[in-house]
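Model the full assembly from the supplied sequences, consistent with the hints where possible.
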Amino acid sequence: MGAPVIVGAVDAGAFLTEHRAALAEIRLVVLDVDGTLTDGAVRLTPGGEAQSFCVRDGQGLVWLRRAGIEVAWISGRGCDATRERAAGLGVSELHLGVGQKGAVLEEVQGRLGITPDETLAMGDDIPDLALAQGARLFVAPADGVTEVRAAADWVSTARAGHGAAREVCEVILKAREVWDEIVASSWA
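Just so you know, we're using numbering that gives the first Met the number 0 here: the sequence shown kicks off at 0 and counts up by one.
No lab work stands behind these hints: they were computed from the structure. All residues carry an ideal CB built from backbone N, CA and C; glycine is no exception. Among the clues, some could well be false.
Said to hold, decoys possible - If you anchor each label on the Cβ, the simulated ranges turn out as follows:
id	residue 1	residue 2	range
1	Val144	Pro115	18 to 24 Å
2	Asp116	Thr44	40 to 46 Å
3	Glu146	Trp186	36 to 42 Å
4	Val144	Gly89	25 to 31 Å
5	Ala23	Glu48	24 to 30 Å
6	Pro115	Ser91	16 to 22 Å
7	Gly12	Ala102	32 to 38 Å
8	Glu176	Arg82	15 to 21 Å
9	Thr114	Ser91	34 to 40 Å
10	Ala183	Asp79	17 to 23 Å
11	Arg110	Gln132	15 to 21 Å
12	Ala102	Ser185	34 to 40 Å
13	Arg42	Glu106	18 to 24 Å
14	Gly46	Ile125	15 to 21 Å
Unchecked claim - In silico lysine to any residue, SDA-like type, Cα no more than 20 Å apart, as pairs:
id	residue 1	residue 2
15	Lys173	Ala11
16	Lys173	Thr44
17	Lys173	Arg19
18	Lys173	Gly101
19	Lys173	Gln58
20	Lys173	Asp152
21	Lys173	Gly162
22	Lys173	Gly75
23	Lys173	Gly67
24	Lys173	Asp79
25	Lys173	Ala40
26	Lys173	Val61
27	Lys173	Arg42
28	Lys173	Trp186
29	Lys173	Ala183
30	Lys173	Thr16
31	Lys173	Gly77
32	Lys173	Phe52
Have a look at this one:
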């Protein structure tokens, strides 16, 4: 039995080829958390809520920051696990419990001096469509809801919390032509 076919998913190389110029100009990557950086499951434990994050996604976000690209997380929910993961990755633009994601995105862009044309956003559900309005490029994970995948400039071939954000990081770094340098410096 082969891998499942994800409707709307496009190979990262094809997205890079089609949007190379726009990707090279990205200065801010904005991500939803639940269902984008995580698989969307909420695990309740006696000690509180637990979330699972993909280490490859995290490494990609570290590399973006190393390349001078700002990273912001804007989420409708919030928990200590999200705060801890953001702190561990050096994500200083952390906005949790947000009802109006578009307004928060505008605030972040204004504070950082970054335009919507220099912004890429990624989300999986209806509230994340507000992020699409404030970004040049909008990306959905393979398992995002139908409406979000339809609105996306690119649907990742990876699922949320399983490498979708990493794919985004890689195409941006490749468009900026710093990928080979990052790879070489990461294991040398």
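Status of the hints after comparison with the structure:
1. The supplied range of 18 to 24 Å is met by Val144 and Pro115, whose beta-carbon atoms lie about 23 Å from each other.
2. Judged by the Cβ atoms, the range 40 to 46 Å given for Asp116 and Thr44 holds: they are separated by roughly 43 Å.
3. Our hint of 36 to 42 Å for Glu146 and Trp186 holds, since their Cβ atoms are close to 40 Å apart.
4. A hinted range of 25 to 31 Å for the beta carbons of Val144 and Gly89 is consistent with their spacing of about 30 Å.
5. Checked against the given bound of 24 to 30 Å, the beta carbons of Ala23 and Glu48, roughly 38 Å apart, lie outside it.
6. One distance hint, 16 to 22 Å for the beta-carbon pair Pro115 and Ser91, holds here, with the actual separation near 20 Å.
7. Against the hinted window of 32 to 38 Å, the Cβ-Cβ separation of Gly12 and Ala102 comes to about 35 Å, which satisfies the hint.
8. Taking 15 to 21 Å as the suggested C-beta distance range, the pair Glu176 and Arg82 does not conform, at roughly 34 Å.
9. The given range of 34 to 40 Å is broken by Thr114 and Ser91, whose C-beta atoms sit roughly 20 Å from each other.
10. Hint check: Ala183 to Asp79, Cβ distance near 36 Å, so the stated range 17 to 23 Å is violated.
11. With their beta carbons about 18 Å apart, Arg110 and Gln132 fall inside the hinted range of 15 to 21 Å.
12. A hinted range of 34 to 40 Å for the beta carbons of Ala102 and Ser185 is consistent with their spacing of about 36 Å.
13. The supplied range of 18 to 24 Å is broken by Arg42 and Glu106, whose beta-carbon atoms lie about 31 Å from each other.
14. Checked against the given bound of 15 to 21 Å, the beta carbons of Gly46 and Ile125, roughly 31 Å apart, lie outside it.
15. Of the pairs offered as hints, the one joining Lys173 and Ala11 holds, with about 11 Å between alpha carbons and a cut-off of 20 Å not exceeded.
16. Using a Cα cut-off of 20 Å, the hinted pair Lys173 and Thr44 is violated, with the two alpha carbons roughly 40 Å apart.
17. For the given pair, Lys173 sits about 9 Å from Arg19 by alpha-carbon distance, which is consistent with the 20 Å threshold.
18. Only pairs whose Cα atoms come within 20 Å are accepted, and Lys173 paired with Gly101 is rejected, the gap being roughly 28 Å.
19. This hinted pair checks out: Lys173 and Gln58 have alpha carbons roughly 15 Å apart, not beyond 20 Å.
20. At roughly 18 Å between alpha-carbon atoms, Lys173 and Asp152 fall within 20 Å of each other, so this suggested pair holds.
21. Taking the CA atoms of Lys173 and Gly162, the gap is about 16 Å. The hint holds against a cut of 20 Å.
22. This hinted pair does not check out: Lys173 and Gly75 have alpha carbons roughly 31 Å apart, beyond 20 Å.
23. The hinted pair formed by Lys173 and Gly67 meets the criterion: a straight-line CA distance of about 14 Å does not exceed 20 Å.
24. Pair hint Lys173 plus Asp79 does not hold up; C-alpha atoms about 33 Å apart against a cutoff of 20 Å.
25. Distance check on the hinted pair: Lys173 and Ala40 sit about 31 Å apart at the alpha-carbon level, beyond 20 Å; violated.
26. Distance restraint check for Lys173 and Val61: the Cα-Cα separation of roughly 15 Å lies within the 20 Å cut-off, and the hinted pair is therefore satisfied.
27. Of the pairs offered as hints, the one joining Lys173 and Arg42 is violated, with about 35 Å between alpha carbons and a cut-off of 20 Å exceeded.
28. The straight-line distance between the Cα atoms of Lys173 and Trp186 is roughly 18 Å, inside the 20 Å bound, and the hint therefore holds.
29. For the hint pairing Lys173 with Ala183, the CA-to-CA distance comes to about 13 Å; that is within 20 Å, so the pair holds.
30. A C-alpha spacing of about 10 Å is found between Lys173 and Thr16, which places the hinted pair at or below 20 Å, so the restraint holds.
31. Between Lys173 and Gly77 the alpha-carbon distance is near 32 Å, which puts this suggested pair outside the 20 Å criterion.
32. Proposed proximity of Lys173 and Phe52 is contradicted: the alpha carbons are some 23 Å apart, above 20 Å.
The structure shown violates the earlier hints numbered 5, 8, 9, 10, 13, 14, 16, 18, 22, 24, 25, 27, 31 and 32.
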